[in-house]
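Novice: Start from the sequences, fold in the hints, and give me the full structure.
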Amino acid sequence: MTIRSNLLTQITTNLANSSIRVSNELPFNTSGNPLYLQNMKFVYVDEEQLDVEQLYRTLDQSNVNTTVTTVNAYLSVDAKNQLSDINTVIANILSARNVVSSTLDSASNYETDIEDDVITYTFEYSYTTI
Amino acid sequence: MAIINVTSGNQAILTLGNTAPNAATGIITNGIQIPFVQDITVNATPGTVRYSTLDSTSSSAFTTVNENGISLNILVDELIMFGNSAASTNSVALNGLLPTSIAKTEVFFSVAVTGTGNAGDINLHGKGFIGGLAPSASIDGAVWLTPMEIIVNGELSKGIET
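So the sequence lines, in the order shown, correspond to chains A and B. In terms of the numbering used here, the first sequence opens at residue 7 and continues consecutively. In terms of the numbering used here, the second sequence opens at residue -1 and continues consecutively.
Accuracy of the hints is not assured; some may be wrong.
To be verified - Facing chain B, from chain A, some residues (calculated, C-beta under 8 Å): (1) 64; (2) 67; (3) 110; (4) 136.
Unchecked claim - Some chain B residues well away from chain A (every beta-carbon gap over 10 Å; in silico): (5) 28; (6) 33; (7) 54; (8) 63; (9) 103; (10) 156.
Think of the hints as simulated: they come from the structure by calculation, not from any bench. In this text, all values refer to a predicted model and were calculated from it rather than measured experimentally. Idealized CB from N, CA, C, for every residue including glycine.
Specialist: Here you go:
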């Protein structure tokens, strides 16, 4: 399974008893807006972004690389009437990071952006693997 | 004059064998090429004794025997470190670096200096004992690393591939 599919499964599990649902679709644009702005209260997980860097250089050119995999997830909700369980939802989305094992390093964080009466949470998961 | 570039992947390569032919560079059939070498140093140091005389303000010296060695740092490869049961023609490859070091078995080696497989390629070769293995691992390093040395028994010799 890919990191994205693992995250989708774990986020779905973590949010099972919340007011938020999870979509399997990528957050593509339709009618000029990304899906997470059209379907609020749905989490959308984007495609993985990979960044391969050299960890060890060796004389026989059998170099050892690290791969930093970054996955973004998006959630938009009403900014005027915040969900009562939004803090729990955010914590559960962030903790879904732990579903990926055998990593050298992992991190998750989020930032918010308010436009009109919609607040969009952009989560970022990053994993460093050998 | 020209510097020796070591970026092509076939220079500065250490090959070990239980016999000199098995450790030869170039036509390597049974040699065990040590992979994942980060750095390698060839030490060819003549021993010296210093002495002073009443008629000189500087000390003098004479040479004794050479003390030769090869030192390197490697990423640990499982088969190389602990043996490859399929490598029956070379006991160093069969047993691995660590068991060979523990058994104090003499090994033959060659260091490809300018490359391998081409006429005129220079190598340094000899025989000695594997020592200095100290595998260590940390979550920051992510993989096993170890220093290693070959305590050369006798002379280092220069070879040229034909």
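Novice: If a hint holds in the structure, say so; if it does not, say that too.
Specialist: Going down the list of hints, with the structure as the test:
1. 64: holds (5 Å)
2. 67: This hint holds: residue 67 of chain A lies near chain B, its Cβ roughly 4 Å from the closest one there, short of 8 Å.
3. 110: Result: holds, 5 Å to nearest chain B Cβ.
4. 136: holds (5 Å)
5. 28: holds (18 Å)
6. 33: violated (5 Å)
7. 54: holds (45 Å)
8. 63: For residue 63 of chain B, whose nearest Cβ neighbour in chain A is about 30 Å away, the distance exceeds 10 Å, so it holds.
9. 103: Per Cβ check, residue 103 of chain B is outside 10 Å of chain A; nearest 24 Å; holds.
10. 156: Nearest chain A Cβ is 20 Å from residue 156 of chain B, so the label holds.
This entry does not satisfy hint 6, going by the numbered hints stated previously; all others are met.
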